[in-house]
Amino acid sequence: MTTTTRPALPPATLSDDLRDHLPAIEPERTVSDWGRSERVEGLVDRTLYDFLYHYWFRCEVEGIENVPSTGGALLVSNHAGALPPDASMIAKAIQEEHPRPRKLHLTVEHFFKGCPFLSMFVSKIGGVPAHPANVHRLLHDEQQLVLVFPEGAKATEKLYKDRYKLRRFGRGGFVEAAMRARVPIVPIAVVGAEEAMPTFAHVGLLKRLTGLIYFPITPLFPHLGLLGAAYLPAKFKLRFLEPVPTDRMGERAWEDTGLVQEVAGDIRARIQDELVDMVGRRRSVWFG
Amino acid sequence: MTMPARSGGRRVLVTGLSSYWGGRLAQALERDPGVEVIVGVSQDDPTCELTRTEYVRVGTQHALLARIVQAADIDTVIDTRLVVDSIAAPPKAAHENNVIGTMNVLAACGGPDSPVRKFVFKSSAHYYGCERDDPAYFTEAMRRPHPPRTPIEKDIVEAERAVEAFARRNPDVTVTVLRFANGLGPDLRTSHSALLSLPVVPSILGFDPRYQFIHEDDITGALEHAAAHDLPGVYNAAGDGVLVLSEVASLLGKPLAPLLPPWGTGVATAALRRVGVRIPPELLQQLRYGRALDNRRLKAAGYALRATTRETVQAFAEHLRTRDLRGAPGDGYRYEREVEEFLRWSPAVRSTGDDRLGLGRLSRDQLAELARALDSLEARPARLAPRGRESTLRTGSPSSSGGAADSELAADP
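From first to last, the protein sequence lines are chains A and B.
With positions in the first sequence counted from 1, the corresponding number in this note's numbering is that position plus 49.
With positions in the second sequence counted from 1, the corresponding number in this note's numbering is that position plus 3.
One thing to keep in mind: the hints can contain errors.
Pulled a few chain B residues facing chain A out of the computed Cβ check, cut under 8 Å [as the list claims (entries may be wrong)]:
1) Asp243
2) Arg299
3) Lys302
4) Ala307
5) Thr311
Partial pick of chain A residues on the chain B-facing surface, computed with a CB cut under 8 Å [as the list claims (entries may be wrong)]:
6) His70
7) Leu71
8) Glu75
9) Pro76
10) Val80
11) Trp83
12) Pro133
13) Ser137
14) Arg151
15) His159
16) Lys162
17) Phe166
18) Ser168
19) Val171
20) Arg186
Distance ranges between label pairs, derived from CB positions [stated by the list, open to error]:
21) A:Gln144 / B:Glu33: 41 to 51 Å
22) B:Val278 / A:Gln310: 49 to 59 Å
23) B:Asp175 / A:Arg88: 31 to 41 Å
24) A:Arg212 / B:Ala273: 30 to 40 Å
25) A:Ala73 / B:Ala273: 38 to 48 Å
26) B:Trp266 / A:Leu92: 24 to 34 Å
27) A:Gly260 / B:Glu33: 34 to 44 Å
28) A:Gln144 / B:Glu161: 46 to 56 Å
29) A:Gly260 / B:Gly37: 54 to 64 Å
30) A:Gly260 / B:Arg340: 34 to 44 Å
31) A:Thr79 / B:Leu275: 54 to 64 Å
32) A:Ala250 / B:Pro94: 28 to 38 Å
These aren't lab readings, by the way, just hints derived from the structure by calculation.
Note that CB positions come from ideal geometry on N, CA and C, so glycine has one too.
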């Protein structure tokens, strides 16, 4: 290991493959190393997701076969709703419809990690802070499915009048992550989440006082208090689109910022087109 | 009198011998036949029984350390002296030891004529801190995203910076930095072992942080591994697997008690201190956000961890259940200089059977030479008593290890 010219501390970046050295899974445990709890997840699934998926939102799924059965994949979707229900419905769709159901890791804002109670809950049901290192470890090292919303909070705080108009796709970080991990990107178009909990206005003062990301006025919030967390029964449609492979784009494709932006733009356009198509075909917000 | 041709074993200096890790590491090194000389330095007496480690009571004055290093021709320095837990020392003393002490130790090991070829530095995962926007696993190449918040973290960052500069200035010295996750084990006394020994496991309301521990045996194991192999660079040392605090509590069979509110945590900590529950500042962030290290680089470097985080906590739980039956650790040992010197140097002591100095490896001629040296010594008056205290500084020098060999021969003809 010693060579004559050695780099000073710290060492060179972890370029070598350390996947063989991942910790073994301990079958006695019900909590994963990421803090995901089978018990809590199962409980929420039985009491809430099952109901929302089958009866409240009556989810319809197309193209589930586009989610790969093995290996890592980055799922990218549009995002909406003051308390967005789309992530859990996408995860549930893979559990329900996929021939080989797999766990989905949702990337969430760092904000949740600092939030009492939510921090416990979000990580227990599969939320992972949206740190590039976390996404890379999940995709590349652990070969998992990861869901990101490139629009981020810009999507959830947008007002009802802007529904189904995709926001800017960040700085293309998700494409970079997929390229580094050499995993495909699966775009997803979701219709229904915009109407499940639409935001009509924001109250800046209350946002600052409560320390929340935003303080929205929705059909049920804040005048109905905790009941404001209830969703309206919009009809959900989820369309999984053809995967975009990233492993044939060159050796260090992520360093080509032009290419990264281009791929991000393409994916954004594809989701936007699908949304226009799906909304155009929809006759009723509530019945589809 | 000269020691016959040296077998080429390593000559190791362990700093912080009185610390738990220093003592355990010296014990482990004593069992290694490849280690010829072990000199331990610290300000306080050793806390565990050592057979062939030569203890020198000295602080971190670099002139004194440099003399020991030079005189004993030390090639490997293992610096276990860093205070990484504010339970271990008051803040001022910790700062003095961590920052000024590290500077001095490095100064004693550096320089063009220094015999030191390897420097192993025991650091801590507190280097990374705990923040809201941390990655789930810290790798060695990552730097902390925010400046350190607590005195201990500041010290560790500063000490590591000094080690990094040392590595840059001394390219022919193999510098290893081991960043340890929170240690846990039956004999180790840390803030965490104190908190987990309480009837309930204290937590911050609304948070269930991710926690990673490393077993005390793995701490010494990793240090020993770094001493025996060439591992330049930084390595995270932590057990496999990451538990959440509620899982730790259930493994210990204790309820998780949210004693601290999510807001005004500092005030509540001060109140808890009044009733005797001491939660140091560097732990508060950890109880909120948790932390885990990516330990794969150390595993790739050939170190096989003996315990996962879960097994570590289970072992600790077992210790808690049986500690009343066993009595406190370390009860049986107290360092007495006179006794130690007698055991080491007196001709009256019979060999305990283990060939501590590796005499079995000496050739017939070398043994004959030793015997001749012994004969010439016998003419001299008793060499034990009058040398007194100043002898300690010289114990590491080659001439006195020759003396030790003599007494060994004399005791076991």
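Hint-by-hint comparison with the structure:
Of the supplied interface hints, the one on B:Asp243 holds, with its beta-carbon coming within about 4 Å of a beta-carbon of chain A, less than 8 Å. With a cut of 8 Å, the hint placing B:Arg299 at the interface with chain A holds, because the nearest CB-to-CB distance is about 4 Å. With 8 Å as the threshold, the beta carbon of B:Lys302 comes within range of chain A, its nearest partner Cβ sitting at about 4 Å, so the hint holds. Residue-level restraint check for B:Ala307 is violated (minimum Cβ-Cβ distance to chain A is 11 Å; threshold 8 Å).
For B:Thr311, the interface hint holds, the least distance from its beta-carbon to any beta-carbon of chain A being 7 Å, beneath 8 Å. Because the beta carbon of A:His70 sits about 4 Å from the nearest beta carbon in chain B, less than 8 Å, this interface hint is met. At a threshold of 8 Å, the smallest CB-CB gap from A:Leu71 to chain B is about 7 Å, leaving the interface hint in force. At about 6 Å, the closest approach between the beta carbon of A:Glu75 and any beta carbon in chain B falls short of 8 Å, and the interface hint on this residue holds.
Checking A:Pro76 against chain B: minimum C-beta separation of about 11 Å lies over 8 Å; hint violated. A hinted interface residue such as A:Val80 counts as satisfied when its beta carbon comes closer than 8 Å to some beta carbon of chain B; here the least separation is about 5 Å, so the hint holds. Taking 8 Å as the C-beta contact cut-off toward chain B, the hint placing A:Trp83 at the interface holds, the least distance being around 6 Å. For the restraint placing A:Pro133 at the interface with chain B, the shortest Cβ-Cβ distance is roughly 20 Å, beyond the 8 Å limit, so the hint is violated.
Evaluation of the A:Ser137 hint against chain B yields a violated restraint, the C-beta minimum of about 20 Å exceeding 8 Å. Interface restraint check for A:Arg151: the shortest CB-CB distance to chain B comes to about 19 Å, outside 8 Å, so the restraint is violated. With 8 Å as the threshold, the beta carbon of A:His159 comes within range of chain B, its nearest partner Cβ sitting at about 4 Å, so the hint holds. Evaluation of the A:Lys162 hint against chain B yields a held restraint, the C-beta minimum of about 5 Å falling below 8 Å.
Here the hint on A:Phe166 is kept, as its CB sits about 4 Å from the closest CB of chain B, short of 8 Å. Here the hint on A:Ser168 is kept, as its CB sits about 6 Å from the closest CB of chain B, short of 8 Å. Taken as an interface hint, A:Val171 does not check out: its beta carbon lies about 11 Å from the nearest beta carbon of chain B, beyond 8 Å. Here the hint on A:Arg186 is kept, as its CB sits about 6 Å from the closest CB of chain B, short of 8 Å.
Restraint check, A:Gln144 to B:Glu33: a C-beta distance of roughly 57 Å breaks the suggested window 41 to 51 Å. Distance hint for B:Val278 and A:Gln310: a CB-CB separation of about 58 Å, consistent with the stated range 49 to 59 Å. Look at B:Asp175 against A:Arg88: about 55 Å separates their beta carbons, and that is not inside 31 to 41 Å. Between A:Arg212 and B:Ala273 the C-beta distance comes to about 50 Å, which lies outside the given range of 30 to 40 Å.
The beta-carbon spacing between A:Ala73 and B:Ala273, approximately 42 Å, falls within the hinted interval of 38 to 48 Å. The beta-carbon spacing between B:Trp266 and A:Leu92, approximately 28 Å, falls within the hinted interval of 24 to 34 Å. Between A:Gly260 and B:Glu33 the beta carbons are some 56 Å apart, a value that contradicts the proposed interval 34 to 44 Å. Between A:Gln144 and B:Glu161 the beta carbon distance is about 49 Å. The supplied range of 46 to 56 Å therefore holds.
About 58 Å separates the C-beta atoms of A:Gly260 and B:Gly37, a value consistent with the hinted range of 54 to 64 Å. In this structure the hint that A:Gly260 and B:Arg340 lie 34 to 44 Å apart at CB is violated, the actual value being about 60 Å. As the Cβ distance of A:Thr79 to B:Leu275 is approximately 31 Å, the hint placing it in 54 to 64 Å is violated. For the pair A:Ala250 and B:Pro94, the supplied restraint of 28 to 38 Å is violated, since their beta-carbon distance comes to about 50 Å.
Of the numbered hints stated above, those contradicted by the structure are hints 4, 9, 12, 13, 14, 19, 21, 23, 24, 27, 30, 31 and 32, listed in ascending order.
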